[in-house]
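Guided by the hints, dock chain B onto chain P, whose structure is given.
Line by line, the protein sequences are chains P and B. Start counting the first sequence at 7; every next residue gets the next number (the numbering used here). Start counting the second sequence at 153; every next residue gets the next number (the numbering used here).
Be a bit skeptical, because a hint or two may be false.
Cβ-to-Cβ under 7 Å is the rule here; a few derived chain B residues that face chain P [said to hold, decoys possible]:
(1) Q193
(2) G194
(3) L195
(4) F197
(5) A240
(6) L243
(7) F256
(8) G257
(9) Q258
The set of hints was computed from the structure by calculation and includes no laboratory data. Positions of the beta carbon are idealized from the N, C-alpha and C atoms, including for glycine.
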Amino acid sequence: DQQVKQNSPSLSVQEGRISILNCDYTNSMFDYFLWYKKYPAEGPTFLISISSIKDKNEDGRFTVFLNKSAKHLSLHIVPSQPGDSAVYFCAASYPNKLIFGTGTLLAVQP
Amino acid sequence: GAGVSQSPSNKVTEKGKDVELRCDPISGHTALYWYRQRLGQGLEFLIYFQGNSAPDKSGLPSDRFSAERTGGSVSTLTIQRTQQEDSAVYLCASSLGGITEAFFGQGTRLTVV
Numbered sequence: 007d008q009q010v011k012q013n014s015p016s017l018s019v020q021e022g023r024i025s026i027l028n029c030d031y032t033n034s035m036f037d038y039f040l041w042y043k044k045y046p047a048e049g050p051t052f053l054i055s056i057s058s059i060k061d062k063n064e065d066g067r068f069t070v071f072l073n074k075s076a077k078h079l080s081l082h083i084v085p086s087q088p089g090d091s092a093v094y095f096c097a098a099s100y101p102n103k104l105i106f107g108t109g110t111l112l113a114v115q116p
Numbered sequence: 153g154a155g156v157s158q159s160p161s162n163k164v165t166e167k168g169k170d171v172e173l174r175c176d177p178i179s180g181h182t183a184l185y186w187y188r189q190r191l192g193q194g195l196e197f198l199i200y201f202q203g204n205s206a207p208d209k210s211g212l213p214s215d216r217f218s219a220e221r222t223g224g225s226v227s228t229l230t231i232q233r234t235q236q237e238d239s240a241v242y243l244c245a246s247s248l249g250g251i252t253e254a255f256f257g258q259g260t261r262l263t264v265v
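So that you can see chain P by itself, here it is in the shape it has in the complex:
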C-alpha cells in the first residue's frame, strides 16, 4: 500500500527551463510534506517543505505547491541548473515518521 507516489521515475529538462516534479498521496491525515534531494552514494538532504494548511511555499529557485483536494503536490525548479541533477523524493509526515515516494531522477541537460 503505497501512500506516497511519484509516478514519473525520470525527467529530463534543458538547463534554464522549468523542472516540475509531481507527487500524489492517499492519506488526508498527513500534516507536512517535504522534498528531499539525493545524490549517488549520499544520504537524502532536505530541500523544501510545506505545511498542510498552506498551498505554496517558495525558497529561491524552488517552489512547492500543495493541492489538498487533489492530494497532489509538486516541486517547481526554475531556472533548472545542471547541479540540480539528482533523485528527488517526495515525503509526507505522519507523527514520528516520514513516508517517502520512490523518487524521480531529474537530469538537467546543459
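Coordinates of chain B only, in the frame set by chain P:
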C-alpha cells in the same frame, strides 16, 4: 562530528550470517531514525528513537531485525540470519525534534549473497 556518520559504508555478507550496522548521530540530536531503500523502491521506515521513550518499532519487517540506542547517542541496527531480500541501503537520520528537520547519513549498502 559535523554530520550523521554510518559505518560500514558497504557490507557484503553471506546468507544466514548476522550483521551490525552503526549510526553516529549529530551531537545533541535526541531523535534517531533508521530507514532502508531497496532497489527501485522508496525509503522505508524501520524504527524511531526519541530520547528515553520506548522506540517506535512499527517498521521493522521481521523479528530478525532489532536496534539499540545506547546512552541516547550511537545506534546499532542488527539483522540476524540475513536473507537476500535484506539487501538494501540502510539510512540513519537524526534530528533535534520532529522528522521535518532530520539529517541523513550517507547510508550503509548491504549486499547479502
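Please verify that hint: B:A240, Cβ, nearest Cβ of chain P, below 7 Å or not. violated, 13 Å
B:L243 as an interface hint toward chain P, with CB separation required under 7 Å: holds, 6 Å
With a cut-off of 7 Å on the beta carbons, see whether B:G257 makes it to chain P. With a closest approach of 5 Å, the B:G257 hint holds.
So, B:F256 near chain P? Judge it on the closest CB pair being under 7 Å. With a closest approach of 3 Å, the B:F256 hint holds.
Proposed interface contact between B:G194 and chain P, which counts if any beta carbon pair is under 7 Å: Given a least distance of 4 Å, the restraint on B:G194 holds.
May I ask you to test the interface hint for B:Q258 with respect to chain P, counting a Cβ-Cβ separation under 7 Å as satisfied? holds, 5 Å
Answer holds if the nearest beta-carbon of chain P is closer than 7 Å to that of B:L195; otherwise answer violated. holds, 4 Å
Identify whether the interface hint at B:Q193 stands, where standing means a beta carbon of chain P within less than 7 Å of its own. holds, 6 Å
Interface hint check: B:F197, Cβ to nearest Cβ on chain P, cutoff 7 Å. Holds or violated? holds, 5 Å
The structure fails hint 5 only (numbered hints given earlier).
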